[in-house]
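There are 2 protein chains.
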Amino acid sequence: MEESWSFLDTFEPNFRPLVVIELAKGTKEETIKWFTKRIVDKKANGGAQLLVKPLVTENGDGTIYLVGASHLRLLLGAEAVGLVKECNDNSMRTFTYSSRKTFKDFADDNHNFLTVAECQYIIKHELENLRAKDEKMIPGYPQAKLYPGKSVVRRLLTSGILVQIFPLHDREELKKLSHSWYGQVKVRYQPLDEIRCYFGETIALYFGFLEYFTFALIPMAVIGIPYYVFAWEDYDKYVMFAAFNLLWSTAILEVWKRISAVMTYHWGTLLMKRQFEEPRSGFHGVLGINPITGREEPVYSSIKRQLRIYLVSLPFVCLCLYFSLYVMMIYFDLEQWALVYHEENESNFSSLMLFVPSIIYAVVIEIMNRIYRYAAEFLTSWENHRLESSYQNHLILKVLVFNFLNCFASLFYIAFVLFDMKLLRQSLATLLITSQILNQFAESLLPYWLQKRHKKRMKKRMCSLKTDTDLSLVEQVTLEKEMGTYFGTFDDYLELFLQFGYVSLFSCVYPLAAVFAVLNNITEIYSDALKMCRVYKRPFAEPTANIGVWQLAFETMSVISVVTNCILIGMSPQVNALFPDSKMDLILTVALVEHLLLAIKFIMAFVIPDKPRDIQIKLAKLEFESLEALKQQ
Amino acid sequence: MEESWSFLDTFEPNFRPLVVIELAKGTKEETIKWFTKRIVDKKANGGAQLLVKPLVTENGDGTIYLVGASHLRLLLGAEAVGLVKECNDNSMRTFTYSSRKTFKDFADDNHNFLTVAECQYIIKHELENLRAKDEKMIPGYPQAKLYPGKSVVRRLLTSGILVQIFPLHDREELKKLSHSWYGQVKVRYQPLDEIRCYFGETIALYFGFLEYFTFALIPMAVIGIPYYVFAWEDYDKYVMFAAFNLLWSTAILEVWKRISAVMTYHWGTLLMKRQFEEPRSGFHGVLGINPITGREEPVYSSIKRQLRIYLVSLPFVCLCLYFSLYVMMIYFDLEQWALVYHEENESNFSSLMLFVPSIIYAVVIEIMNRIYRYAAEFLTSWENHRLESSYQNHLILKVLVFNFLNCFASLFYIAFVLFDMKLLRQSLATLLITSQILNQFAESLLPYWLQKRHKKRMKKRMCSLKTDTDLSLVEQVTLEKEMGTYFGTFDDYLELFLQFGYVSLFSCVYPLAAVFAVLNNITEIYSDALKMCRVYKRPFAEPTANIGVWQLAFETMSVISVVTNCILIGMSPQVNALFPDSKMDLILTVALVEHLLLAIKFIMAFVIPDKPRDIQIKLAKLEFESLEALKQQ
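The listed protein sequences derive, respectively, from chains A and B. Just so we're aligned: 284 in full-length UniProt numbering is position 284 of the first sequence, and the numbers increase by one with no gaps anywhere. Just so we're aligned: 379 in full-length UniProt numbering is position 379 of the second sequence, and the numbers increase by one with no gaps anywhere.
Just so you know, these hints were derived from the structure itself, not from any lab. Where hints are given, some of them may not hold.
What the hints assert, rightly or not - Just so you have them, the derived chain A footprint on chain B, three or more residues with Cβ under 8 Å:
id, region
1, 298-305
2, 410-423
3, 434-442
To be verified - Here are the in silico distance ranges between beta carbons for each label pair:
id, chain 1, residue 1, chain 2, residue 2, range
4, A, GLN275, B, VAL255, 26 to 34 Å
5, B, VAL312, A, PHE602, 20 to 28 Å
6, A, VAL299, B, ARG100, 29 to 37 Å
7, B, LYS101, A, ARG100, 35 to 43 Å
8, B, VAL312, A, ASN112, 50 to 58 Å
9, A, GLY488, B, VAL222, 45 to 53 Å
10, B, ALA620, A, ASN112, 35 to 43 Å
11, A, ARG100, B, SER91, 28 to 36 Å
12, B, TYR326, A, PHE412, 53 to 61 Å
13, A, ASP585, B, LEU446, 44 to 52 Å
Think of the CB as a built atom: it goes at the ideal place given N, C-alpha and C, for glycine as much as any other residue.
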């Protein structure tokens with residue numbers, strides 16, 4: 001370890017550790033040498049030109065390395081990843097090193113021009129783009145094959161030599177952020193810009209959506225309260241509530257697109273050119289020529305993938321859905337049986353028995369959900385998608401459909417087969433409230449408590465009970481590398497999606513749902529913030545321009561809710577009383593109203609522009625400028 | 001006229017007249033001088049650097065000028081408009097003069113590298129981009145104000161000094177084209193590539209769509225024939241026919257997107273960067289700063305426009321729709337009255353009276369259509385849209401809705417209010433067939449006959465009964481400038497759109513509609529081709545990548561047709577006989593099927609990719625290359 005790997009001394013005072021690399025215990029010296037050399041080597045030699053420093057831990061096994069970069073290197077990296085920053089004239093432009101002086105807050109000695117999250121993203125990007133040259137394998141590991149252009153880090157990860165790469169927390173910043181985020185008991189907006197600086201755009205956008213969604217639910221909640229308080233049962237009031245809800249839910253989803261465009265414009269991600277996506281690490285295939293890049297890389301026939309999707313995955317998902325429905329039917333039979341049993345021999349035991357089916361069903365659903373999740377991940381992985389984004393979309397679709405059925409099938413059954421509105425209301429309330437409580441507990445509070453216990457033990461072992469900010473770097477890294485990994489916003493969005501379903505699908509039966517959703521989301525903001533700051537490793541920032549496939553999912557849900565609400569209103573005794581002579585007229589009227597509402601929804605979605613006018617003008621201005629520049633050439 | 005305007009002598013042998021400019025009779029000498037000087041002036045002096053030559057006609061009033069350009073000038077113009085051409089390696093790339101050697105078929109002496117349509121488009125673009133410098137007005141016309149950057153040609157047009165600009169036909173080429181297009185009685189595809197070379201992409205795309213649509217209707221027609229021949233009335237056959245139709249119509253619209261992408265990729269327009277759109281000529285407003293370009297130009301508040309659209313145009317359209325419905329109700333009353341009259345006093349006169357309401361209604365509809373068209377054009381113009389594209393979209397929407405109602409309201413009334421399937425079938429057949437015959441007559445054959453008569457007279461006057469190709473340039477221009485102007489593909493698409501409505505909206509009642517549509521479209525191809533080649537002035541080529549708003553219109557029609565067909569099937573006596581006890585079950589089943597079909601439609605539209613895989617790969621390759629080039633910088 002005495003050799004100088006870096007052209008900067010690793011003990012240079014301005015080395016700021018940004019990213020941690022953990023290698024497997026017992027990694028061969030030869031491999032470490034080669035890998036670290038590649039990291040610090042000049043760009044011209046195919047290196048990443050970063051700084052690297054081994055972390056000397058107590059047991060001194062030398063498997064943890066800290067990666068940093070010089071200020072200049074980071075600026076060049078910012079250009080390489082295509083970061084978009086604000087200029088002095090308040091317009092957003094793609095950063096280039098040569099035009100650096102025109103950017104706001106740029107100064108050669110201002111090391112805060114790039115946020116820490118951006119620096120870490122740049123380092124991750126540079127590490128992942130460290131590509132094999134003429135190596136045929138990873139030195140010391142003949143079984144870990146390489147081919148020209150293969151990402152070295154990905155091969156190290158898949159062959160288990162590299163355990164993990166994660167960005168370091170910044171204790172100072174984190175303390176400030178958590179204080180302004182959830183430290184005060186005070187009604188205020190979340191510090192989204194600070195969250196974005198610390199965690200990156202994907203996570204900031206999730207919290208932005210969570211906050212927006214909570215605000216958007218408030219009018220529904222406010223209108224819902226009198227229905228509960230005064231026990232309004234007049235059909236005209238219900239119709240009004242449902243109609244309001246449907247148009248409102250369309251409007252909020254459209255407005256969100258505009259708000260998200262404003263946010264991501266100012267963060268620069270709306271304008272950021274999508275980088276060319278490399279194959280995901282799990283992708284495998286015969287070595288061939290990529291028709292797009294002309295580079296050698298594994299290729300896999302798209303037809304084979306389509307066959308796997310349509311002949312295996314699709315039938316499997318359908319089977320699972322069928323099985324889930326079957327289980328639901330058994331639950332309803334059990335419920336019926338328990339009711340009969342209770343009626344026949346009324347005792348304490350029999351009234352206890354009434355709860356048994358629900359408990360069994362809840363447990364079974366939970367188990368099925370988990371098994372299905374594994375199966376879905378396995379299948380989607382087996383479908384062998386080339387891109388991470390397409391893998392994610394297929395996974396999300398699979399999990400979404402199953403979760404939708406699991407959560408709402410019983411409610412649909414109660415509503416449209418049993419026609420029992422009282423039971424529907426009761427089930428809806430039970431499901432909504434219990435799922436919210438369980439979620440918050442399982443998702444944040446439990447891990448937080450476990451994490452805290454673990455930290456205490458670790459600190460004890462290290463014999464130093466200091467406060468967080470006083471921790472030495474070694475202690476900090478040792479603590480953080482044991483923390484759980486945050487696997488992205490999927491589960492958080494899924495939770496909101498299901499909540500949106502509870503609120504909108506049967507809104508006219510249970511107007512109070514929105515109230516519970518609002519209350520839950522307020523605490524959810526706090527528990528999610530806690531989770532991000534205290535429970536998990538810091539995640540890498542990921543630039544995103546919108547919430548992607550979730551927008552579509554929410555919009556689909558709102559279309560389905562038009563149908564369900566119209567049917568529910570049509571079934572209400574008050575509306576039935578209006579058509580005493582002819583059920584037919586009733587149904588036709590309901591169908592007509594439903595179609596009108598759907599038409600209005602689509603027209604609204606079409607008429608409301610996705611981006612506010614000023615953002616449109618700014619984008620058009622940039623496009624015009626680039627056209628003009630092209631002409632000048 | 002003895003001055004040399006051009007840096008090339010106007011009598012130079014390689015001057016090839018491409019575009020004709022007709023000035024008003026009696027235009028001041030000063031103005032002509034200034035305008036022609038601007039046209040031939042060097043680019044550096046703010047000119048268009050084109051060639052111009054006065055046409056000496058018999059009466060010698062000197063108001064007609066021919067515009068051409070040197071080969072080099074056209075190549076530079078092709079770069080300016082961003083033409084995309086095929087390279088030697090078969091990829092499509094934006095043409096630049098410096099990389100000209102890499103393009104297929106390029107040679108310095110090959111004057112056919114650019115098609116004539118492209119050359120004319122380039123000249124039109126250059127003429128329209130001739131901008132005022134420091135002139136405050138058009139010399140000689142103080143009322144025709146100019147401001148820096150105002151398009152000179154547009155001001156000349158709006159102030160009436162410039163009568164028209166149109167591209168010249170190429171007699172040789174036209175003869176070849178018309179021979180291979182409609183000259184032979186032989187079943188074959190249209191020569192779309194040749195049409196595109198001669199008339200440009202917009203028109204070629206229309207004929208491509210017409211041909212594709214005709215082919216797509218054939219399966220429907222083939223399946224429809226046995227229904228008519230064997231008078232099948234079994235509900236299951238009808239259901240099958242309707243279900244096939246619905247899925248088929250979704251599929252053909254999706255597949256069209258793919259085919260159109262393939263065509264426009266090879267024509268280069270799919271890749272062509274949209275030019276920055278200048279304000280349309282009718283746009284007016286206070287002089288201000290355009291926030292996008294920073295240039296001085298008329299500006300008009302978007303809020304004012306919105307107010308005009310929503311507070312004036314929208315109510316007006318609604319009123320017109322209401323009025324049209326009102327007229328339809330009167331028609332049905334008249335019809336009823338005529339029937340009663342005929343029954344009471346059965347005579348020849350009374351049976352003649354039976355036709356009177358239909359004739360009156362048809363005439364009234366035609367009158368209403370024309371008045372409404374004028375009103376729509378006036379209103380849309382008054383809405384003061386800045387861009388031609390947005391003007392067109394608003395106009396299309398207005399005209400579409402009204403035409404839809406006029407054509408189909410009576411059928412809807414017969415189907416869903418009178419429940420008279422026999423009358424529906426009869427009306428549908430009458431409307432479809434008469435509208436097709438009238439259209440073909442009014443649109444092509446009549447103008448062709450008039451044009452032919454006019455031409456004969458002109459030729460007689462010129463005392464030379466030569467064949468077309470022998471005409472002198474003077475004679476050719478004199479003939480062509482009197483020909484009608486083709487106002488774009490709007491009416492042609494509208495006709496197809498309404499035909500699609502006749503075929504799909506009530507397909508299960510009248511399966512023979514598709515047969516008539518196919519027959520009509522085959523002759524339509526010929527009559528439209530005749531119209532383009534013989535009746536109208538040659539139109540300027542217009543690069544387009546797709547059929548634009550019509551795709552949306554056709555898709556909307558196919559959604560509406562799902563609803564109508566489901567209702568029609570639900571109303572059929574055969575289906576009713578299946579549910580003898582409960583009308584309710586029937587309606588619920590129909591509603592369920594309808595929702596399922598709609599869901600399948602949307603899923604199909606979502607799953608089928610809009611571009612074929614090879615086009616996707618080619619586009620991705622280009623994008624990748626430009627990203628790589630950016631990195632190399």
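Do the hints match the structure? See the list:
1. With a threshold of 8 Å between beta carbons, the proposed coverage of the region 298-305 of chain B by chain A is violated, since 1 of its residues qualify and at least three are required.
2. Judged by the Cβ-Cβ criterion of 8 Å, the region 410-423 of chain B is not covered by chain A as claimed, because only 0 of its residues qualify and three are needed.
3. As drawn, the region 434-442 of chain B meets chain A at 0 residues by the rule of a beta-carbon pair under 8 Å; below three, the given contact is violated.
4. For the hinted restraint 26 to 34 Å between GLN275/A and VAL255/B, the CB-CB distance of approximately 32 Å keeps it satisfied.
5. The hinted range of 20 to 28 Å is satisfied by VAL312/B and PHE602/A, whose Cβ atoms lie roughly 24 Å apart.
6. The hinted range of 29 to 37 Å is satisfied by VAL299/A and ARG100/B, whose Cβ atoms lie roughly 35 Å apart.
7. Between LYS101/B and ARG100/A the beta carbon distance is about 37 Å. The supplied range of 35 to 43 Å therefore holds.
8. For the pair VAL312/B and ASN112/A, the supplied restraint of 50 to 58 Å holds, since their beta-carbon distance comes to about 54 Å.
9. In this structure, GLY488/A and VAL222/B meet the distance hint of 45 to 53 Å, their C-beta atoms being roughly 52 Å apart.
10. Between ALA620/B and ASN112/A the beta carbons are some 37 Å apart, a value that agrees with the proposed interval 35 to 43 Å.
11. The hint said 28 to 36 Å for the Cβ distance between ARG100/A and SER91/B, and at roughly 35 Å that hint holds.
12. The supplied range of 53 to 61 Å is broken by TYR326/B and PHE412/A, whose beta-carbon atoms lie about 44 Å from each other.
13. For ASP585/A paired with LEU446/B, a C-beta distance near 50 Å keeps the hint of 44 to 52 Å intact.
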